[in-house]
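Q: Same order as they appear, the protein sequences are chains A and B. With the first letter of the first sequence counted as 1, position 43 gets the number 190 in the working numbering; the numbers rise by one all the way through. With the first letter of the second sequence counted as 1, position 92 gets the number 239 in the working numbering; the numbers rise by one all the way through.
No lab work stands behind these hints: they were computed from the structure. Since the model is a prediction, treat every value here as computed from it, not as a measurement. Check before you lean on any hint, since a few could be wrong.
Taking lysine to aspartate or glutamate and the EDC-like style, the derived pairs with C-alpha atoms no more than 20 Å apart in a straight line are [to be verified]:
id, chain 1, residue 1, chain 2, residue 2
1, A, K182, B, E214
2, B, K153, A, D332
3, A, K182, B, D269
4, A, K153, B, E207
5, A, K153, B, D200
6, B, K182, A, E161
7, A, K221, B, E156
8, A, K170, B, E243
9, A, K171, B, D332
10, A, K171, B, E243
11, B, K171, A, D332
12, A, K164, B, D184
13, B, K171, A, E327
14, B, K182, A, D332
15, A, K237, B, E310
16, A, K170, B, E333
17, A, K153, B, E283
18, B, K164, A, D184
19, B, K171, A, E329
20, A, K153, B, E327
21, A, K186, B, E156
22, B, K153, A, E193
23, A, K170, B, E193
24, B, K309, B, E283
25, A, K186, B, D200
26, B, K182, A, D269
27, A, K164, B, E193
28, A, K182, B, E329
29, A, K164, B, E243
30, B, K171, A, E333
Given next are the chains, with one letter for each unit.
2 protein chains.
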Amino acid sequence: MHYSSKLIERAVEEIAKLPGIGKKSALRIVLHLLKQDPKQSHQLAEALIQLRDNIQYCRECHNIADEALCYFCKDTRRRRDIICVVEHFKDIAAIERTGHYHGLYHVLGGLISPIDGVGPQDIHIESLLQRVRQGEVTEVILALSSTMEGDTTAFYLTKRLKEQQVKVTALARGVPIGSELEFTDELTLTRSLLGRTEF
Amino acid sequence: MHYSSKLIERAVEEIAKLPGIGKKSALRIVLHLLKQDPKQSHQLAEALIQLRDNIQYCRECHNIADEALCYFCKDTRRRRDIICVVEHFKDIAAIERTGHYHGLYHVLGGLISPIDGVGPQDIHIESLLQRVRQGEVTEVILALSSTMEGDTTAFYLTKRLKEQQVKVTALARGVPIGSELEFTDELTLTRSLLGRTEF
Ligand SMILES: [Zn+2]
Ligand SMILES: [Zn+2]
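Model the full structure from these sequences, guided by the hints.
A: Next up, the structure:
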């Protein structure tokens, strides 16, 4: 396509790099922004820069965070005796949507997968054991996808956590087999959270 | 939705203001950007700011421009004896796609519409007459939508331009009646451009 403006061309190119946006939609966005107050483009640009430059990982739970501690670790109203272990920080949003969990989280950042060469040392397991070792935690909920990797990781974690006499539970198998946690509906997730089973 | 990060929340909010992007797609874009090199977010932000701050209107033809003169007015290889009059700068892209026009443009920025209170003085007609008055132009092509407003504007322009003994032509009525020029396919547009009729 020919835009007859390098400014438009460059903006379209950058916008079209985003997932789910083609060149046509990108041009529509550009023309829209040109019609709006310049403030809107500036606020969008500023939000993108702030996001990318200031996002960090929580030093406690490895969740995405605006500061050294994440939203949940900072919140003094959350129960500190229970930790919900998830693969990815996106999974936290799914658990939160149920409205039935008020403890802390721990983001593994992956799942054990021998085929892909991912071992226990490649994900945040040591820091989880460290948190439990401090003695405040009485229950660890494993909220992992019900895939082979999720089961392998759950099995490994249970073995390591049992050494520390902490109660280990897992989401009830209401989560459809073979499905990703991230895409599980709230009702199923609520039910499997309330009916969680001890390992 | 709850993002547990003000940085993410703000970015999602700003992105979701764009046309055709909901909160879900906006979050997908944010998570995508977080996975990419920070350079990508910075380039996107920079392109948006450059676009919004530096885009201007061509002082000759009112097309969108990166400098005082637009891409076409600056191009010395374009024929300067013929001007194609369009409503909106987006229409220029449609004409260019035909590959059959090599003259200059004039962007009216609207169409005469008594119902909407838009008169001849509200769109860029005086500067068109001024350009023709300079004597270099021998033909003015009216490439306006075949709507009531387009016809009204063409009628008015023809009357004013005829006073200056310039040849006035219009796109052949191959353009489907009642349709916007912007959405006309290239073949129809090519045919109506080649078969343009004199008013
Ligand atoms: Zn945290
Ligand atoms: Zn121009």
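Q: Now look at each hint and say whether the structure bears it out.
A: Structure-based check of each hint:
1. A:K182 <-> B:E214: holds (19 Å)
2. B:K153 <-> A:D332: Distance of about 25 Å is beyond 20 Å: violated.
3. A:K182 <-> B:D269: holds (18 Å)
4. A:K153 <-> B:E207: holds (19 Å)
5. A:K153 <-> B:D200: With Cα atoms ~13 Å apart, K153 (chain A) and D200 (chain B) stay inside 20 Å; holds.
6. B:K182 <-> A:E161: holds (16 Å)
7. A:K221 <-> B:E156: holds (17 Å)
8. A:K170 <-> B:E243: holds (17 Å)
9. A:K171 <-> B:D332: Holds, at about 15 Å.
10. A:K171 <-> B:E243: It holds: about 16 Å lies between the C-alpha atoms, which stays within 20 Å.
11. B:K171 <-> A:D332: Holds - the C-alpha atoms of D332 (chain A) and K171 (chain B) are around 15 Å apart, at most 20 Å.
12. A:K164 <-> B:D184: Within the cut-off at roughly 13 Å; holds.
13. B:K171 <-> A:E327: holds (17 Å)
14. B:K182 <-> A:D332: violated (25 Å)
15. A:K237 <-> B:E310: violated (68 Å)
16. A:K170 <-> B:E333: Roughly 18 Å separates the two Cα atoms, so the pair holds.
17. A:K153 <-> B:E283: Since the Cα atoms of K153 (chain A) and E283 (chain B) sit roughly 29 Å apart, the hinted pair is violated (cutoff 20 Å).
18. B:K164 <-> A:D184: holds (13 Å)
19. B:K171 <-> A:E329: Holds, at roughly 13 Å.
20. A:K153 <-> B:E327: violated (26 Å)
21. A:K186 <-> B:E156: Holds, because 18 Å separates the two Cα atoms, which is no more than 20 Å.
22. B:K153 <-> A:E193: Judged against 20 Å, a Cα distance of about 13 Å means the pair holds.
23. A:K170 <-> B:E193: holds (18 Å)
24. B:K309 <-> B:E283: Holds, at roughly 15 Å.
25. A:K186 <-> B:D200: Within the cut-off at roughly 10 Å; holds.
26. B:K182 <-> A:D269: holds (18 Å)
27. A:K164 <-> B:E193: Judged against 20 Å, a Cα distance of about 14 Å means the pair holds.
28. A:K182 <-> B:E329: The given pair, whose Cα atoms are some 17 Å apart, holds under the 20 Å limit.
29. A:K164 <-> B:E243: Violated: K164 (chain A) and E243 (chain B) sit about 25 Å apart, past 20 Å.
30. B:K171 <-> A:E333: holds (16 Å)
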